[in-house]
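Asks: Sequence:
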Amino acid sequence: MSKLSTPLLIVLVIVTAISIGGWRSYSGKYSTATTGAISASNKLAEVTARLAEQGAANQTLRVQLDLQKSDLAGCTNKVGSLQARIVQETKRAGELEAIIRDRDAELRTANQNTARCTATISSLESGAAALRGELEAVRAKLSESQAQSQAANALLNAAESEIATLQQKLSDPAVLRAGLANANKPSAVSGKSIKSAKLALQPDGTVILANAQPPAQTPSPKSQSKPQPVFKEIPGIATP
231 MSKLSTPLLI VLVIVTAISI GGWRSYSGKY STATTGAISA SNKLAEVTAR LAEQGAANQT
291 LRVQLDLQKS DLAGCTNKVG SLQARIVQET KRAGELEAII RDRDAELRTA NQNTARCTAT
351 ISSLESGAAA LRGELEAVRA KLSESQAQSQ AANALLNAAE SEIATLQQKL SDPAVLRAGL
411 ANANKPSAVS GKSIKSAKLA LQPDGTVILA NAQPPAQTPS PKSQSKPQPV FKEIPGIATP
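If you're matching positions, the sequence shown starts at 231 in the numbering used here and goes up one per residue.
Please keep in mind that the hints were generated in silico from the structure rather than gathered at the bench. Quantities reported herein were computed from a predicted structural model and do not represent experimental measurements. Beta carbons: idealized from backbone N, C-alpha and C, even for Gly. Errors might be hidden in some of the hints.
Stated by the list, open to error - Simulated restraints on C-beta separations:
(1) 316 / 296: 21 to 31 Å
(2) 399 / 359: 55 to 65 Å
(3) 329 / 354: 32 to 42 Å
(4) 376 / 355: 25 to 35 Å
(5) 341 / 316: 34 to 44 Å
(6) 322 / 301: 26 to 36 Å
(7) 294 / 273: 23 to 33 Å
I would like the entire structure built from these sequences, with the hints used as guidance.
Replies: The following block contains the structure:
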């Protein structure tokens with residue numbers, strides 16, 4: 231209100247001075263001056279209104295500028311926080327890259343170990359297959375050896391039975407005498423008789439020529455033992 235009242239007072243003073251100083255002489259010019267004063271007052275009021283509007287606009291702009299400054303400060307703080315986060319994330323990304331490189335190295339080592347283990351397993355499987363083949367061959371040989379052993383045992387049992395029979399026959403003097411009688415019979419070859427030496431059975435069980443004189447010596451215990459019979463050899467079995 232003070233800005234509006236000051237121009238009005240000036241106008242009133244001018245109008246009053248004009249009216250007092252030359253009311254009579256300037257009565258014709260009064261209306262013109264009044265009209266000019268009113269026009270100037272209107273213009274002054276318009277300018278004052280515009281200035282008031284401009285001041286209000288400037289105040290609004292100041293408020294908006296303050297708000298923008300606050301927003302800018304907040305954005306600056308956010309930018310600083312984001313920069314700090316970016317630094318942290320960059321550092322963390324570097325650490326993760328180092329961890330990934332370590333894991334890649336461990337994975338390559340594990341793959342190499344797996345390949346070696348696979349090769350070892352394949353080699354062991356091949357060796358196991360070869361050993362199974364050898365085991366089957368050994369089993370076949372063992373079965374063959376068992377069959378041969380059983381056959382040899384059968385032959386040995388038959389030989390022992392035959393030996394027992396021969397020992398029983400040779401221990402019988404009657405059987406020996408019958409054998410000597412058959413041996414003392416003359417044999418003929420191409421129609422001619424051949425004289426052969428006659429054999430005689432001694433009381434101690436020995437056999438000598440009938441015309442030969444027995445040795446004049448004391449028989450030893452060994453000479454009194456029964457003569458060992460001669461056995462036929464069985465192929466594949468050692469004669470006892």
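Asks: Can the suggested window of 26 to 36 Å be confirmed for the beta-carbon pair residue 322 and residue 301?
Replies: At 30 Å between Cβs, range holds.
Asks: Take the C-beta atom of residue 376 and the C-beta atom of residue 355, compute their distance, and say whether it sits inside 25 to 35 Å.
Replies: 30 Å, holds
Asks: Is it true that residue 341 and residue 316 lie within 34 to 44 Å of each other by Cβ?
Replies: 36 Å, holds
Asks: Range first: 32 to 42 Å. Now tell me if the beta carbons of residue 329 and residue 354 are that far apart.
Replies: With Cβ atoms ~36 Å apart, the hint holds.
Asks: Quick check: does the Cβ-Cβ distance between residue 399 and residue 359 fall within 55 to 65 Å?
Replies: Hint holds: Cβ distance 59 Å, inside 55 to 65 Å.
Asks: Measuring from beta carbon to beta carbon, are residue 316 and residue 296 in 21 to 31 Å?
Replies: The hinted range 21 to 31 Å holds for residue 316 and residue 296, with Cβ atoms some 30 Å apart.
Asks: With respect to the beta-carbon atoms only, verify the hint that residue 294 and residue 273 lie 23 to 33 Å apart.
Replies: Distance hint for residue 294, residue 273 holds at roughly 31 Å.
Hint violations for this structure: none, all hints satisfied.
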